[in-house]
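Enquirer: For reference, the chains in residue letters:
Number of protein chains: 2
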Amino acid sequence: MEKTLKIAVLGGGSWATAIVKMLTESMDEVGWYMRSVYAIEHIKRNDHNPSYLSSVEFDVDRLKLSNDINEIVAYADVCIFAIPSAFLHSELSALTVSFEGKRVVSAIKGIVPETGLIVGEYFNQHQNVDMDDIGVLTGPCHAEEVALERLSYLTVAFADETKAKELAEYFENDYINCKISDDIIGTEYAAVLKNIYAIAAGIAHGLGYGDNFQSVLMSNAIREMKRYIKKVHKMKRNINDSAYLGDLLVTGYSVFSRNRLFGNMLGKGYTVRSAQLEMSMIAEGYYATKSAYELNQKQGAKTPILDAVHDILYENKNPKKIFKKLAEKLD
Amino acid sequence: MEKTLKIAVLGGGSWATAIVKMLTESMDEVGWYMRSVYAIEHIKRNDHNPSYLSSVEFDVDRLKLSNDINEIVAYADVCIFAIPSAFLHSELSALTVSFEGKRVVSAIKGIVPETGLIVGEYFNQHQNVDMDDIGVLTGPCHAEEVALERLSYLTVAFADETKAKELAEYFENDYINCKISDDIIGTEYAAVLKNIYAIAAGIAHGLGYGDNFQSVLMSNAIREMKRYIKKVHKMKRNINDSAYLGDLLVTGYSVFSRNRLFGNMLGKGYTVRSAQLEMSMIAEGYYATKSAYELNQKQGAKTPILDAVHDILYENKNPKKIFKKLAEKLD
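In order, the protein sequence lines correspond to chains A and B. So the first sequence is numbered by full-length UniProt numbering: it starts at 1 and just counts up by one. So the second sequence is numbered by full-length UniProt numbering: it starts at 1 and just counts up by one.
In short, the hints are calculated from the structure, not lab data. Mixed in with the good hints there might be a few duds.
Treat identical chains as interchangeable: a pair holds within one or across any two.
To be verified - Only pairs whose alpha carbons sit at most 27 Å apart, straight line, appear in this in silico DSS-like list of lysine-lysine:
{"hint": "1", "residue 1": "K268", "residue 2": "K6"}
{"hint": "2", "residue 1": "K21", "residue 2": "K320"}
{"hint": "3", "residue 1": "K317", "residue 2": "K329"}
{"hint": "4", "residue 1": "K302", "residue 2": "K226"}
{"hint": "5", "residue 1": "K324", "residue 2": "K165"}
{"hint": "6", "residue 1": "K290", "residue 2": "K231"}
{"hint": "7", "residue 1": "K236", "residue 2": "K3"}
{"hint": "8", "residue 1": "K21", "residue 2": "K324"}
{"hint": "9", "residue 1": "K302", "residue 2": "K236"}
{"hint": "10", "residue 1": "K236", "residue 2": "K226"}
{"hint": "11", "residue 1": "K3", "residue 2": "K329"}
{"hint": "12", "residue 1": "K179", "residue 2": "K226"}
Just chain A, with the same shape it has in the complex (with noise of 0.2 Å):
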């Protein structure tokens, strides 16, 4: 297929230098927003991100590098976001160019705070974009790995798969293989769910809980997970395909992930407020909680490792007490 998309990665972070990276490997350009104008320089001068995967060097001749979003929203058939979720919201309300005949990417992962919506439901009622228009990219994909060309899987979903395959084909190269899903809601609600059992297991851990009280977390996440998604929005999945299973794992089992390591902190004693203080950000399971626990008082799936994690963060109950609940609810 004749590659002739122009693809922009909104976000400076690791996750946005990754794609890039990526994206580059195959194109002769790529549209890169990010506000950081002191990066941007920085960029340009040394080829490298000055913060994020700084292994990694860039032919900045390929890159079409700007830190005004309409610049790079106008210039892009398909805009990449990966940004935070806690800062999309205040991001686009400098935006004036319409993503009208443009298709947008979710990298994100997160739910956005404001509106308790996932990324590709907040760009479709906030934006006005079409849900045929809505993708997400996702993992299991440690951004870390993909600087170092380790072997990895992406999975890309459009409702309509020919559209993912389309975009799937500007990712695969020798270290990534691109799958595509049509699945945009489950696949999206998968990433938002897996950051919020990363803090359970990162509670669990700080606890003095052990690798087999892991595996049996995991295992009831996995459970949770496919009865969460089966309720928002039922279609034929296999809830072990990487892009589940596999990206729960990736991160459950990480020692680097944020949010396992912000629910290490609660474990091991400190409060929410200083843990988030101790890591200087916010660690996108920390909103997803509240809007996923929000959202499941309506929808009713059973969810008890979720209700252990919202009712530690948002009702200030002691994590050693709502785990050993938790663990007679576990099988």
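Please arrange chain B on chain A, whose structure you already have, making use of the hints.
Expert: Same frame as chain A, but now just chain B:
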């Protein structure tokens, strides 16, 4: 329920030691057969096993220790075998006492290499134990964490769940949640296959594949396990229950697993023979791979991971090339 069964554990390794520890929490007497007179004398004098989980202190008054397998089998209503599968056949050659009227529980999770049978089938076909009297005791459970009294979940399976329930009550305590199942074939095959997948995880690690690949490998492994077990014994089961997925994860993600270590050495370039010599023991998954592969030649389940491990272990194929091909088949 009144606890009136006489239970014995057969084996002297870490898993046998962990099982005895769990049983002595609630029982006044537990039978324990092990081959080594030296180890028995050491336990009697020093209250702990000299070679395995030596931090675990026993109340030796509660142990009926013997190196005479006939004495212990004659004593017990329930015989729990935790002897490595490679030694089971020769250990039982000394047996003159019959299993009539007794229950036999496999805590071995291997294939008896002389016969190609899983342990339950072996006892049925070679020791005339009725299938209704055969049980399986499975994890996800590292013995080391039982020694530390870290919360762990066991599964006891009998075709008749009342028998499973009866035995499960002997294991339940503050740090053990014991679940029951009626899937004696599936749980035992799951425990066998997970060792093979742990070898695969080790090979991948040794070859330099990272966490992204590992999560895809495990996600494919659980789907492969489901297909395989369905061919062996079709029944209603949720492959994401702890006894299947949990057991796969606790082994596949363990840096202590002998099977994973064995695979890791192969990935790093050791030959099969030199890896075995270096480890001074043979990982359970080594035999399991051959038997599981041969059985599947008749069954015809799609098993790319099993096939890859088989070709490396028994066809002397190059791990790097085989995994490159395997990676193309995973999704």
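Enquirer: Can you tell me if K302 and K226 fall within 27 Å by alpha carbon in one copy, between copies, both or neither?
Expert: both (10 Å within a copy, 24 Å between copies)
Enquirer: As a check of your reading, is K236 near K3 (CA-CA no more than 27 Å) within one copy, between copies, both or neither?
Expert: neither (31 Å within a copy, 47 Å between copies)
Enquirer: From the Cα coordinates, with 27 Å as the cut-off, is the pair K290 and K231 best called within, between, both, or neither?
Expert: Within one copy only: 17 Å inside, 43 Å across.
Enquirer: Between copies, within a copy, both or neither: which fits K268 and K6 at Cα up to 27 Å?
Expert: Classified as neither; 47 Å inside a copy, 42 Å across copies.
Enquirer: Checking an output row: K21 and K320, CA cutoff 27 Å. Within, between, both or neither?
Expert: between (42 Å within a copy, 26 Å between copies)
Enquirer: With 27 Å as the alpha-carbon cut-off, assign the pair K236 and K226 to within, between, both or neither.
Expert: both (11 Å within a copy, 17 Å between copies)
Enquirer: If the cutoff is 27 Å on CA atoms, where do K324 and K165 land: within, between, both or neither? Let me know, please.
Expert: Classified as between; 23 Å across copies, 46 Å inside a copy.
Enquirer: Are the CA atoms of K317 and K329 at most 27 Å apart within a copy, between copies, both, or neither?
Expert: For K317 and K329, only the intra-copy Cα distance (17 Å) is at most 27 Å; the inter-copy one is 46 Å.
Enquirer: Within a copy, between copies, both or neither: which one fits K21 and K324 at a CA-CA cutoff of 27 Å?
Expert: Intra 44 Å, inter 22 Å, cutoff 27 Å: inter-copy only.
Enquirer: Go through the copies and call it for K302 and K236: within, between, both or neither, with a Cα cutoff of 27 Å.
Expert: Close inside one copy (20 Å) and across copies (21 Å); limit 27 Å.
Enquirer: Up to 27 Å between alpha-carbons, please classify K3 paired with K329: within, between, both or neither.
Expert: Cα proximity of K3 and K329: across copies only (25 Å, versus 51 Å in one copy).
Enquirer: Can you tell me if K179 and K226 fall within 27 Å by alpha carbon in one copy, between copies, both or neither?
Expert: both (20 Å within a copy, 21 Å between copies)
The structure does not agree with the numbered hints 1 and 7 stated previously, though it agrees with the rest.
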